[in-house]
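S.K.: Here's the letter readout for the chains.
There are 2 protein chains.
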Amino acid sequence: MANDKHIASAFDRDLEGVQALIMKMGGLVEAAITDAATALETRDLELAEEVRRRDAQIDALDEQINEDCARVIAMRQPIASDLRTVLSVMRISTNLERCGDYAKNLAKRTSVLSELTPIEGSGTSLRRMAREVEEMLKQALDAYIQRDADLANTVRHRDLDVDQMYNTLFREFLTYMMEDPRNITPCMHLHFIAKNIERMGDHVTSVAEQVVYLVTGKLPDENRPKGDLTSGQTVETWD
Amino acid sequence: MANDKHIASAFDRDLEGVQALIMKMGGLVEAAITDAATALETRDLELAEEVRRRDAQIDALDEQINEDCARVIAMRQPIASDLRTVLSVMRISTNLERCGDYAKNLAKRTSVLSELTPIEGSGTSLRRMAREVEEMLKQALDAYIQRDADLANTVRHRDLDVDQMYNTLFREFLTYMMEDPRNITPCMHLHFIAKNIERMGDHVTSVAEQVVYLVTGKLPDENRPKGDLTSGQTVETWD
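Residue numbers (the UniProt record's numbering), protein chains in the order written: chain A, 1 to 239; chain B, 1 to 239.
Hints are computed from structural coordinates only; laboratory data are not their basis. Wrong hints could be hidden among the right ones.
It does not matter which identical chain is meant; a pair holds if it fits inside one copy or across any two.
30 Å max Cα-Cα, derived DSBU-like pairs, lysine-lysine [what the hints assert, rightly or not]:
1. 108 <-> 218
2. 195 <-> 108
3. 108 <-> 24
4. 195 <-> 218
Bear in mind that the values here come from a model prediction, so they are computed numbers and not experimental data.
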């Protein structure tokens with residue numbers, strides 16, 4: 001019994017170490033999202049370059065978390081809910097890493113966009129959308145630390161707002177493109193960026209889903225309403 | 001020693017079971033990619049609907065593989081390269097599931113596109129691109145079964161061709177859009193599809209990278225040349 005307790009504590013200690021890395025990574029991803037969106041809005045190429053550079057730290061943390069988790073599994077041989085926790089941590093890390101990649105992609109396009117005709121209001125709209133995703137991420141990480149399935153479900157539903165913002169922007173860009181062919185190239189880039197932010201929202205939602213899995217032992221139902229309607233929309237509804 | 005051998009065999013048997021599921025899943029994803037591209041080219045709405053329906057099987061296999069892997073870890077408590085194998089299998093499954101999602105997205109857009117002005121040659125180009133990804137996937141799965149890092153590296157480099165096909169299509173769609181505003185809406189959809197196929201290629205590349213990791217114990221260097229140049233291109237190079 002004493003031995004059992006000793007093993008459990010060692011596992012908990014290891015896990016705390018990994019969780020600290022997840023929180024550090026989460027903080028870096030939050031900053032990447034905010035800074036990438038600000039750089040885009042203010043056409044700040046230096047800040048965009050910094051976001052690109054900092055992505056290496058996020059990637060390195062992801063790698064370290066994966067290695068640490070593999071080591072914890074090998075050394076502590078956790079079962080049942082402990083094993084579930086370690087596997088969830090690995091998936092959360094993957095999702096955070098992907099968010100970081102999208103932020104980097106966003107930063108990459110800033111320099112191209114800064115040379116093109118500005119599209120009125122687009123920077124602000126995109127930053128608002130990015131801000132929403134960043135807040136969702138903060139909530140998802142809180143839900144993870146507090147093992148709060150309700151808060152995680154809030155995040156999942158908040159993703160619908162992001163999808164709706166994306167749909168609105170998509171229609172707006174189409175209208176701009178039809179109005180003036182010179183808007184086509186900038187709008188194609190802006191549309192890419194909007195889609196990237198929408199995808200970040202999906203990854204944050206996956207983090208929230210892992211939290212639900214962690215707490216309840218089940219992934220939430222797959223019938224979460226999807227908000228990106230553009231794949232099923234006919235042209236009539238677009239303008 | 002005899003006991004060790006017994007444990008090893010039980011692990012191997014379990015792993016074979018999971019690998020059979022991976023191969024089954026891989027086959028379904030290959031079919032999904034081919035059929036989605038064919039449905040798009042021939043405007044076959046029934047086939048597109050079938051691709052969408054069949055995605056549930058792919059998702060179910062992913063879930064089963066994850067559960068089985070967790071069970072194998074808990075029961076067999078593998079360490080070192082055995083543990084690495086199980087964790088890689090989980091990542092491969094995730095990547096295959098994402099490919100399936102992209103094929104489903106592609107199928108979803110078929111019905112919208114069938115109502116819009118056709119863009120000459122686009123269906124054939126997209127099917128060629130999808131065909132390339134499907135062949136890469138076949139090779140990646142072969143590399144996995146044969147634990148062949150060289151073959152896996154071939155797949156990684158082949159992804160550059162897919163990226164190049166994407167770049168060409170991106171420029172083509174821009175030209176069509178600038179020529180005639182009526183092409184904007186169909187080209188936006190076609191561009192989405194091209195980007196989805198390019199992303200499938202990235203996920204297949206991740207599968208290949210997992211094979212390299214499995215065989216060599218290291219992920220390949222991150223300095224694999226990236227072929228999607230559109231984020232860094234200025235407008236001058238586009239037409």
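S.K.: None of the hints should be skipped; say for each whether it holds.
M.R.: Against the structure, the hints:
no., hint, in the structure
1, 108 <-> 218, "between (38 Å within a copy, 28 Å between copies)"
2, 195 <-> 108, "both (15 Å within a copy, 17 Å between copies)"
3, 108 <-> 24, "within (23 Å within a copy, 38 Å between copies)"
4, 195 <-> 218, "within (29 Å within a copy, 32 Å between copies)"
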